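K.L.:
Each chain is listed here by its residues.
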Amino acid sequence: MESGANMFLQHLINGLSIGSIYALIAMGYNMVYGILELLNFAHGDVYAVGCFAALGLLTMGVHPALALLAGIIVGFVINLFVEKFAYRPVRYSGRVTPTITAVGIAYIMRNAILKIWGPETFAFDIGVRGSNLQFGGIIIGTLQIYILLIAVACMVGITLYLKKTKTGQGIIAISQSIPTAALMGVPVNRTISIVYGIGGALGVIGGILFCIYYDSIFIGIGFALGTIKAWMASIIGGVGSLKGAVMGAIMLGLMESMVSGYVSTLYKDAIVWLLLIAFVLIKPQGLFPAQVAEKI
Amino acid sequence: MNKKFVSLVLLIAVALFGVSTAFAADTIHFAVVGPMTGDSAGQGIQMKAGAQLAVDEINAKGGINGKKLTFEVADDMATPNQAVIVAQKLSLDKKIMFVLGHNNSSCSIAALPMWEKAGIPVISPSNTNPTLTRLGHKNYFRVVVNDDIMVSQVCKLAVKDLKVKKPALVWENSDYGKGMKDVALKALPALGVSLVGEESYVPGVDRDYSAIVTKFKGLGADGVLFLGDYTGAALLAKQAANLNYKAKIVGASSIAHPKLIEIGGKAVEGVVSVTSFDPNDTRAKQAAFIKKYESINKERPGEWGAHAYDIVYLIKAAVEAGATDRASLIAKLKSGKTFDGVTGNIKFDQFGDVPDKKAFVITVKNGNFVSYKTK
Numbered sequence: 001m002e003s004g005a006n007m008f009l010q011h012l013i014n015g016l017s018i019g020s021i022y023a024l025i026a027m028g029y030n031m032v033y034g035i036l037e038l039l040n041f042a043h044g045d046v047y048a049v050g051c052f053a054a055l056g057l058l059t060m061g062v063h064p065a066l067a068l069l070a071g072i073i074v075g076f077v078i079n080l081f082v083e084k085f086a087y088r089p090v091r092y093s094g095r096v097t098p099t100i101t102a103v104g105i106a107y108i109m110r111n112a113i114l115k116i117w118g119p120e121t122f123a124f125d126i127g128v129r130g131s132n133l134q135f136g137g138i139i140i141g142t143l144q145i146y147i148l149l150i151a152v153a154c155m156v157g158i159t160l161y162l163k164k165t166k167t168g169q170g171i172i173a174i175s176q177s178i179p180t181a182a183l184m185g186v187p188v189n190r191t192i193s194i195v196y197g198i199g200g201a202l203g204v205i206g207g208i209l210f211c212i213y214y215d216s217i218f219i220g221i222g223f224a225l226g227t228i229k230a231w232m233a234s235i236i237g238g239v240g241s242l243k244g245a246v247m248g249a250i251m252l253g254l255m256e257s258m259v260s261g262y263v264s265t266l267y268k269d270a271i272v273w274l275l276l277i278a279f280v281l282i283k284p285q286g287l288f289p290a291q292v293a294e295k296i
Numbered sequence: 001m002n003k004k005f006v007s008l009v010l011l012i013a014v015a016l017f018g019v020s021t022a023f024a025a026d027t028i029h030f031a032v033v034g035p036m037t038g039d040s041a042g043q044g045i046q047m048k049a050g051a052q053l054a055v056d057e058i059n060a061k062g063g064i065n066g067k068k069l070t071f072e073v074a075d076d077m078a079t080p081n082q083a084v085i086v087a088q089k090l091s092l093d094k095k096i097m098f099v100l101g102h103n104n105s106s107c108s109i110a111a112l113p114m115w116e117k118a119g120i121p122v123i124s125p126s127n128t129n130p131t132l133t134r135l136g137h138k139n140y141f142r143v144v145v146n147d148d149i150m151v152s153q154v155c156k157l158a159v160k161d162l163k164v165k166k167p168a169l170v171w172e173n174s175d176y177g178k179g180m181k182d183v184a185l186k187a188l189p190a191l192g193v194s195l196v197g198e199e200s201y202v203p204g205v206d207r208d209y210s211a212i213v214t215k216f217k218g219l220g221a222d223g224v225l226f227l228g229d230y231t232g233a234a235l236l237a238k239q240a241a242n243l244n245y246k247a248k249i250v251g252a253s254s255i256a257h258p259k260l261i262e263i264g265g266k267a268v269e270g271v272v273s274v275t276s277f278d279p280n281d282t283r284a285k286q287a288a289f290i291k292k293y294e295s296i297n298k299e300r301p302g303e304w305g306a307h308a309y310d311i312v313y314l315i316k317a318a319v320e321a322g323a324t325d326r327a328s329l330i331a332k333l334k335s336g337k338t339f340d341g342v343t344g345n346i347k348f349d350q351f352g353d354v355p356d357k358k359a360f361v362i363t364v365k366n367g368n369f370v371s372y373k374t375k
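Residue numbers (the working numbering), protein chains in the order written: chain A, 1 to 296; chain B, 1 to 375.
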């Protein structure tokens, strides 16, 4: 029997671990969401293809580091194509049309995975098995710490990229107004492509960490555990803000873990959604709304 | 010229049609319906493999009364709505004499009215929800013991053999899981122990069991009754190992699949399960079947493969005893004759259940399922 305080701390750590995985997935999602206000329903399924590509290479005996890198590149490249052929042609046709093409892409990706790999759960073993650190009765996996560090590193890296590079500044300009950015000489098409590419690559990083953390991969990492969680995290954290995506994801992870731990696993999803709805009613902008200079 | 051409086409069509119906009369056709994709696809694929082995053996010896066996495979994706769609489609096919399926109780519950309307006998290799045979369907049979019996044995195994004093329960949120949970909630108090915790998960969606593990650990549960699928059991065992939670994991039939070990690795060592087929059975008839199945499919059969194999032979016996169509097949299966299969004696009661069938206990040792000796 363990003390209540220890149990609470363990639930807290479990929630942080789940949250930091959601965070990586949400960051890529939120970049696209924030800039184009597009509900990118294809996000999860695109990075799922990247993760499955990594799985394919792993089972062929390719070195894990190379396989994972290839998976990330696959995510980046697929999103470049998707942007060019599914989003760019309908970019200025209102918000509904690109949302529908995104759903179409999601189905195409999902069916590609079904065709090649099928929908069962596969073991995902890259030979990295974290050890456990014990603090009193609380267990923290080193893997959990790495995941959190990777999430923070990606966040810092992308923040620097946005603030310090010319392309990054271009991305920020586009998120404020595409026509104005174009007039200022920002290469709109190329910059938006890069945003999608980075979004896909970040998604694959998150997806792969998810697979490593749970030692398994299945098609659900795309939509049910990807797109939907990323979207929820973005709503909580604030659309278009990286910090918001990370904090929103961690809050989501904590909510899931605490509700499962202290209320019921049976009603977990219902309760978490209820909390989300309540949250949206109280704070529709999210915790950290994107900071956009008001036009005067 | 044109007219001649048309009449020629018609002639060919009539000839072909004539041939195909004549062909149909020389065969006994059935459908294997189960999850060929999805989280329990491993089970559906075994159903197909078991049926295939029996069909090949029977056809190699000249078929049943000179008729060759043929079958088609349909995927119900382990989801009730897909099961109904499959039943809608296949029940229009007059060639199908019987259905070997479904694998999942929830699929059978949904699709049985459709099959019954067409008069097609449905024989399931693995439905264990106790209520299924009490719904009044006249065309339904199952060759597996139901969960009343199975889960009572799981509870007994946990309490009597593994000496679990404070059991906790995880059930999959489906007709199958809920049916088992209800049985366990009655069986455990009767054995003198009470549950310390009870949690559920959504099969095919939930991947995180750390909250459940932490909770059970906090409650001091010394045994986990896992009433759900092999993927869930494997992931729970892994996450329990990561969190240094050492409770014994005990489950019912559907976790006793080779994929449990493939996904769970070292973490599932020592997991114990009640099953209606023991893949290590050394009795001559069983051992011969297991060897043959393994040489073709590169894995040992679980209860799905073995039951499907038995069902095909069961039908053979019924046809040899005089069954000629769907209705007479149902009558023959209900006649109370005992069929001796690789999974044990199959004798249906008036509900289509096999109340006298024996269950086995197996455990994972050094990466393999081995027989577990109960007291």
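None of these hints come from the bench; they were simulated from the model.
What you are looking at is a predicted structure, and each value in this text was computed from that prediction instead of being measured.
C-beta: ideal position from N, C-alpha, C; glycine also.
Careful, some of the hints might be misleading.
List time: in silico BS3-like cross-link candidates among lysine-lysine, alpha-carbon distance up to 27 Å [stated by the list, open to error]:
| hint | chain 1 | residue 1 | chain 2 | residue 2 |
| --- | --- | --- | --- | --- |
| 1 | B | K48 | A | K115 |
| 2 | B | K298 | A | K115 |
| 3 | B | K89 | A | K115 |
One side of the interface only, derived from the structure: several residues of chain B facing chain A at Cβ under 8 Å [stated by the list, open to error]:
| hint | residue |
| --- | --- |
| 4 | A41 |
| 5 | Q52 |
| 6 | T70 |
| 7 | I212 |
| 8 | K215 |
K.L.:
Does each hint hold? Answer for all of them.
P.N.:
The hints, checked one at a time:
1. K48/B <-> K115/A: holds (19 Å)
2. K298/B <-> K115/A: holds (23 Å)
3. K89/B <-> K115/A: holds (23 Å)
4. A41: Holds, because the Cβ-Cβ distance from A41/B to chain A comes to roughly 5 Å (cut-off 8 Å).
5. Q52: With Cβ-Cβ at 19 Å, over 8 Å, it is violated.
6. T70: violated (25 Å)
7. I212: I212/B check passes; min Cβ-Cβ to chain A is 6 Å, inside 8 Å.
8. K215: At about 5 Å, which falls below the 8 Å cut-off, the nearest Cβ of chain A leaves the hint on K215/B intact, so it holds.
Taken one by one, the earlier hints fail for this structure at numbers 5, 6, listed in ascending order.
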